[in-house]
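*Asks:* Sequence:
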Amino acid sequence: MEADASAHLLTREACSTVPSVDAMEARFRQAISLNAKVSTILQCWPRLDLPNAWLVAGCLFQSVWNQQSGQDVERGIRDYDIFYFDPSDLSQSAEQAMQARVDGLLSSLKIKIDVANQARVHLWYPQHFGRPYAPLTSVKEGIRRFLALECCVAVRPDACFAPFGLAGLFEGTLTPNPFSPYPELFSAKAASYLERWPHLVVRNNEFPRLK
1 MEADASAHLL TREACSTVPS VDAMEARFRQ AISLNAKVST ILQCWPRLDL PNAWLVAGCL
61 FQSVWNQQSG QDVERGIRDY DIFYFDPSDL SQSAEQAMQA RVDGLLSSLK IKIDVANQAR
121 VHLWYPQHFG RPYAPLTSVK EGIRRFLALE CCVAVRPDAC FAPFGLAGLF EGTLTPNPFS
181 PYPELFSAKA ASYLERWPHL VVRNNEFPRL K
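Read left to right, the sequence shown gives residues 1 to 211 (my numbering).
It cannot be assumed that every hint is accurate.
As the list claims (entries may be wrong) - Subject to a maximum C-alpha distance of 30 Å in a straight line, what follows is the list of computed DSSO-like cross-link-like pairs (lysine-lysine):
#, residue 1, residue 2
1, Lys140, Lys110
2, Lys112, Lys189
3, Lys140, Lys189
4, Lys140, Lys112
5, Lys110, Lys189
6, Lys140, Lys37
7, Lys112, Lys37
8, Lys37, Lys110
Said to hold, decoys possible - Quick list of simulated restraints, FRET-style, between CB atoms:
#, residue 1, residue 2, range
9, Ser33, Lys110, 34 to 44 Å
10, Pro183, Arg47, 35 to 45 Å
11, Gln43, Gly130, 37 to 47 Å
The set of hints was computed from the structure by calculation and includes no laboratory data.
Built from N, CA and C at the ideal position, the CB exists for glycine as well.
Model the full assembly from the supplied sequences, consistent with the hints where possible.
*Replies:* Structure follows, in structure tokens:
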């Protein structure tokens, strides 16, 4: 059963090669481009010079949800997350130096930008959240662990990453991610999203829990 579920998910991920998904990605890029902050960050991307970096998660899918619900595209977006991956230096000071440099380059935006080295998440996660977290091997692996399938999205100027597709995001659904290490946290997260975007619909997970 576990193999079947994994194959189903991988099939959805493999669909990124078909033209219809290319069109979906173009639609996604168009939607997030209406957020001027996102557009500026991507325009400045080469200057950020972060290794293996992606703009991820909330600032992207929340921009889409805001448009779906007739709100200002930037409404309620609390921060803009940039994930990078540098296993050569796992120190907090190196991550803070990256944060300071990005803050300086993008200071005119007057927004909160969180820059995080995903290679060191396992070092601080247990102390911060009281739970273990398996080390990541890439930014993409971390994105695949987000609580909802529709939230597993990332972009950079030359690429879009949506391992479980974009259809659910545009349909306004929230689906538990079987690859999340802590699926029990999904309900609380979904409830917080529903308070802000009541048009969203929680969908029962069609995949069994994977070990």
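*Asks:* Run through the hints listed earlier and report the numbers of any the structure violates, in increasing order.
*Replies:* The structure breaks only hint 9.
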